[in-house]
Amino acid sequence: DVKVTQSSRYLVKRTGEKVFLECVQDMDHENMFWYRQDPGLGLRLIYFSYDVKMKEKGDIPEGYSVSREKKERFSLILESASTNQTSMYLCASSPGPGLDEKLFFGSGTQLSVL
Amino acid sequence: AQTVTQSQPEMSVQEAETVTLSCTYDTSESDYYLFWYKQPPSRQMILVIRQEAYKQQNATENRFSVNFQKAAKSFSLKISDSQLGDAAMYFCAYRSRTGGGADGLTFGKGTHLIIQP
Chain P
1 DVKVTQSSRY
11 LVKRTGEKVF
21 LECVQDMDHE
31 NMFWYRQDPG
41 LGLRLIYFSY
51 DVKMKEKGDI
61 PEGYSVSREK
71 KERFSLILES
81 ASTNQTSMYL
91 CASSPGPGLD
101 EKLFFGSGTQ
111 LSVL
Chain W
1 AQTVTQSQPE
11 MSVQEAETVT
21 LSCTYDTSES
31 DYYLFWYKQP
41 PSRQMILVIR
51 QEAYKQQNAT
61 ENRFSVNFQK
71 AAKSFSLKIS
81 DSQLGDAAMY
91 FCAYRSRTGG
101 GADGLTFGKG
111 THLIIQP
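These protein sequence lines map, in sequence, to chains P and W. To convert, note that position 8 of the first sequence is 8 in my numbering; the numbers rise steadily by one, no gaps. To convert, note that position 31 of the second sequence is 31 in my numbering; the numbers rise steadily by one, no gaps.
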């Protein structure tokens, strides 16, 4: 089974801190994604990556950046955390073109910014 | 840009009864995928069922089936013989067939399903 692992289940940070959320997948997937989940808003795409060192902005990239130095790892960075970034963050991955079209998800990181 | 709309923020059903969750979407494409994902309190997103737009036959997975109406851009999920373990958030999602899926899925806002014992 594909495994997508997010390094923290719960995280508490202070306003202004630099925050790293880590995600690792073990199935050699080409595509990786970071979503943000808020009540009543569903899942919204922050950034995605279709290859090592490649990244594309999703629907809500402001205040975030990403890094993909290795194929299996996709990091989400909050340069200066703010209270409005308190949310659930979900990482996902999928194979390349012509392969399984579904997303495989991690179990999420609940981030609280105080 | 594609949009996915789930008009029911919350639904409640008696155990063993049948419930239908609604989903509509907007797209100018003709070839795409549609999904229903389930998110229980554990937060793990679980794929319930998927439908390929070029297939006219509605997808079925055990107690879960869809009513896919391509012209109406509607994709509802029917859960038969509801069980307590079905209680969860359900998300409808869309994916274009072009681009190899590199740009991910577009999700609706979710429907919270409550199962009454």
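These are computed hints drawn from the structure, not numbers from a lab. For each residue, glycine too, the CB sits at the ideal point set by N, CA and C. There's no promise every hint is true.
[Claimed, not checked] Result set (PhoX-like, lysine-lysine): computed pairs, CA atoms no more than 20 Å apart in a straight line:
no., chain 1, residue 1, chain 2, residue 2
1, P, Lys102, W, Lys55
2, P, Lys3, P, Lys13
3, W, Lys78, P, Lys57
4, P, Lys3, P, Lys71
5, W, Lys109, W, Lys73
6, W, Lys55, W, Lys78
[Unchecked claim] A few chain W residues that don't get close to chain P, going by computed Cβ distances all over 10 Å:
no., residue
7, Ser28
8, Gln69
9, Asp103
10, Phe107
[Stated by the list, open to error] Simulated restraints, written as ranges between beta carbons of each label pair:
no., chain 1, residue 1, chain 2, residue 2, range
11, W, Gln56, P, Glu17, 20 to 28 Å
12, W, Glu10, P, Glu56, 47 to 55 Å
13, W, Ser80, P, Glu69, 41 to 49 Å
14, P, Ser80, W, Pro9, 30 to 38 Å
Outcome of the hint check:
1. P:Lys102 x W:Lys55: Holds, because 17 Å separates the two Cα atoms, which is no more than 20 Å.
2. P:Lys3 x P:Lys13: 27 Å, violated
3. W:Lys78 x P:Lys57: 34 Å, violated
4. P:Lys3 x P:Lys71: The hint holds at about 14 Å.
5. W:Lys109 x W:Lys73: 17 Å, holds
6. W:Lys55 x W:Lys78: Given that 20 Å is the threshold and the Cα spacing comes to 18 Å, the pair holds.
7. Ser28: 18 Å, holds
8. Gln69: Its Cβ never comes within 10 Å of chain P, the nearest being 21 Å, so this holds.
9. Asp103: 6 Å, violated
10. Phe107: 4 Å, violated
11. W:Gln56 x P:Glu17: 20 to 28 Å: 52 Å, violated
12. W:Glu10 x P:Glu56: 47 to 55 Å: For P:Glu56 against W:Glu10, whose Cβ atoms are near 34 Å apart, the range 47 to 55 Å is violated.
13. W:Ser80 x P:Glu69: 41 to 49 Å: 47 Å, holds
14. P:Ser80 x W:Pro9: 30 to 38 Å: 33 Å, holds
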